[in-house]
Amino acid sequence: MEYAYYPGCASESTARDQHSSSKAVASALGINFVEIPNWSCCGATAAHQTDRLLAVSLPAPNLLTAQQMGLDVVVNCAACYSRLKMANHEISTHPEIREKVGEVLGRDYDGSVKVRHLLEILHEDLGMEVIRDRIKQTLNGLKVASYYGCLLVRPPEVTQFDDPENPTSMDRLVKALGGEDLDWPHKVECCGGGLALTRTDVVVKLSESIIGMAQAAGAECIAVACPMCQVNLDLRQIDIKKAMGKKYDMPIVYITQLMGLCLGVPYEELGLNKLMVSPSRVVDAIAAVQNQS
Amino acid sequence: MAIRIKKGRSGKSIRSIVQEMSDVDLSLCFQCKKCSSGCTVSGMTKSPPSEIIRRLQLGAGDEILERDIIWTCSSCETCYARCPMGIDVASVIDALRSLAIEKKAAVPEGNVPLFNKAFLKTVRAFGRAYDLAMIGIYKLGTGTFMKDTEKFPTMVMKKKIALLPVWGADRKTVRRIFKEVDRDKGK
Numbered sequence: 001m002e003y004a005y006y007p008g009c010a011s012e013s014t015a016r017d018q019h020s021s022s023k024a025v026a027s028a029l030g031i032n033f034v035e036i037p038n039w040s041c042c043g044a045t046a047a048h049q050t051d052r053l054l055a056v057s058l059p060a061p062n063l064l065t066a067q068q069m070g071l072d073v074v075v076n077c078a079a080c081y082s083r084l085k086m087a088n089h090e091i092s093t094h095p096e097i098r099e100k101v102g103e104v105l106g107r108d109y110d111g112s113v114k115v116r117h118l119l120e121i122l123h124e125d126l127g128m129e130v131i132r133d134r135i136k137q138t139l140n141g142l143k144v145a146s147y148y149g150c151l152l153v154r155p156p157e158v159t160q161f162d163d164p165e166n167p168t169s170m171d172r173l174v175k176a177l178g179g180e181d182l183d184w185p186h187k188v189e190c191c192g193g194g195l196a197l198t199r200t201d202v203v204v205k206l207s208e209s210i211i212g213m214a215q216a217a218g219a220e221c222i223a224v225a226c227p228m229c230q231v232n233l234d235l236r237q238i239d240i241k242k243a244m245g246k247k248y249d250m251p252i253v254y255i256t257q258l259m260g261l262c263l264g265v266p267y268e269e270l271g272l273n274k275l276m277v278s279p280s281r282v283v284d285a286i287a288a289v290q291n292q293s
Numbered sequence: 001m002a003i004r005i006k007k008g009r010s011g012k013s014i015r016s017i018v019q020e021m022s023d024v025d026l027s028l029c030f031q032c033k034k035c036s037s038g039c040t041v042s043g044m045t046k047s048p049p050s051e052i053i054r055r056l057q058l059g060a061g062d063e064i065l066e067r068d069i070i071w072t073c074s075s076c077e078t079c080y081a082r083c084p085m086g087i088d089v090a091s092v093i094d095a096l097r098s099l100a101i102e103k104k105a106a107v108p109e110g111n112v113p114l115f116n117k118a119f120l121k122t123v124r125a126f127g128r129a130y131d132l133a134m135i136g137i138y139k140l141g142t143g144t145f146m147k148d149t150e151k152f153p154t155m156v157m158k159k160k161i162a163l164l165p166v167w168g169a170d171r172k173t174v175r176r177i178f179k180e181v182d183r184d185k186g187k
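Those sequence lines, one after another, are chains U and A.
Following the working numbering, the residues of the first sequence are numbered contiguously, the last one being 293.
Following the working numbering, the residues of the second sequence are numbered contiguously, the last one being 187.
It is possible that part of the hints are untrue.
Within a straight-line C-alpha distance of at most 30 Å, the following computed BS3-like cross-link-like pairs (lysine-lysine) qualify [said to hold, decoys possible]:
(1) U:K100 - A:K147
(2) U:K246 - A:K46
(3) U:K205 - A:K147
(4) U:K100 - A:K151
(5) A:K151 - U:K241
(6) U:K205 - A:K187
(7) U:K246 - A:K147
(8) U:K205 - A:K117
(9) U:K242 - A:K147
(10) U:K100 - A:K139
(11) A:K117 - U:K143
(12) U:K246 - A:K159
(13) A:K151 - U:K247
(14) U:K114 - U:K175
(15) U:K242 - A:K185
(16) U:K241 - A:K103
(17) A:K158 - U:K136
(18) A:K159 - U:K241
(19) U:K246 - A:K151
(20) U:K247 - A:K121
(21) U:K205 - A:K6
(22) A:K185 - U:K247
(23) U:K205 - A:K158
(24) A:K158 - U:K100
Just so you know, these hints were derived from the structure itself, not from any lab.
Bound conformation, chain U alone:
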């Protein structure tokens, strides 16, 4: 199994942990990530809030390179996933946009390269059976609230990812790893995303509502698949305490970090030390089983 890997800018800064854990998990499962050479930024929220043509053009050179590689694109970051898929959608459904993007790039792109999230590949190409067979230890019944956020599932016409109101791909993965998947209502609520720096007040309120709901549902940790969700929920717990007086100590882990723990990937490669809220509760729960066996 080989894919053109688009790491995204966060992979070199605030989401190095997601990047390294994803690569480690992929290699443990025999999935080959070939990094798209000289990949560039997808434009993220800033581009689509500024100019439509810019937002569609910035992802395009990466998609063109992947097309030349003859591979499907795999993305980790939900925001990049959304922008890459949106570019494909706009280019393939609007001939006039395709023409304009062609002028901007100096090359024609038809919008046909398949863009997929790692979660989709794990389910559709690999299957939960394989993961169940490969794990060296289970999550030991750890109660995990799977949080999908916005950009994997919305807009459904564009992303076509799972069920837009009640996705279960991460939950099914947690179950395959031997954890307890929690039924909770805030799976696809928004954490405030790109407003992290500009409207921290909004992000603090939204993040509190998500973490509070996960806690009320009995979660021992929240699993995420998006760097913006991870940073907002993890970093803002200090601000939630300051602004609202509510103290949380909820580990916000990438789903790939949970997988890595079960697949026996070394801790350093999983970047668990980078999390602001200590994930020791999660690590200890899994280590307990390891010590018994």
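Using the hints, position chain A against chain U.
The following block gives chain A in isolation, referenced to the frame of chain U:
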């Protein structure tokens, strides 16, 4: 609640410009308000999305570009996902943002336009986003130097944020994209 609008004075109406920019047919909206019910920030804005659509339908002028929702919106796309008429409300908001920048509307709370500008500046320079420079430009422009600084040492220690920009992107292509898009806007 009564909605008061000031009609656009001359030239193309905001409504027709927005429709052109976003490919959305605003007349499809029958005000079921599902977008506003699901809106992430509806409790934190004076004008929920259905009201913005209504204002546009009624022929609002430039004053609509200063409604707070335009920049409080988190682009979560719930409005579009739940609209029974398939109206891409998020693209309408994006079009209003582009227009607000073009027409130099008042600086909103939190100055999101400056943040976006700072972000895109680093992409233009390096081909990839560079967090520290973008945060620096934004803080300089907004005078919010002390905000979040208490977290910075821990983030640096944990290597949770990159100190230096990363090289390796196809910068030539990225610069060309910015240049050509600027040229297209000038047309």
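Tested hints:
| no. | hint | in the structure |
| --- | --- | --- |
| 1 | U:K100 - A:K147 | violated, 41 Å |
| 2 | U:K246 - A:K46 | holds, 27 Å |
| 3 | U:K205 - A:K147 | holds, 17 Å |
| 4 | U:K100 - A:K151 | violated, 43 Å |
| 5 | A:K151 - U:K241 | holds, 14 Å |
| 6 | U:K205 - A:K187 | violated, 42 Å |
| 7 | U:K246 - A:K147 | holds, 20 Å |
| 8 | U:K205 - A:K117 | holds, 25 Å |
| 9 | U:K242 - A:K147 | holds, 13 Å |
| 10 | U:K100 - A:K139 | violated, 35 Å |
| 11 | A:K117 - U:K143 | violated, 41 Å |
| 12 | U:K246 - A:K159 | holds, 27 Å |
| 13 | A:K151 - U:K247 | holds, 17 Å |
| 14 | U:K114 - U:K175 | holds, 28 Å |
| 15 | U:K242 - A:K185 | violated, 44 Å |
| 16 | U:K241 - A:K103 | violated, 40 Å |
| 17 | A:K158 - U:K136 | holds, 28 Å |
| 18 | A:K159 - U:K241 | holds, 24 Å |
| 19 | U:K246 - A:K151 | holds, 18 Å |
| 20 | U:K247 - A:K121 | violated, 37 Å |
| 21 | U:K205 - A:K6 | violated, 33 Å |
| 22 | A:K185 - U:K247 | violated, 49 Å |
| 23 | U:K205 - A:K158 | holds, 26 Å |
| 24 | A:K158 - U:K100 | violated, 43 Å |
In summary, the structure is inconsistent with hints 1, 4, 6, 10, 11, 15, 16, 20, 21, 22, 24 from the numbered list given earlier, while agreeing with the others.
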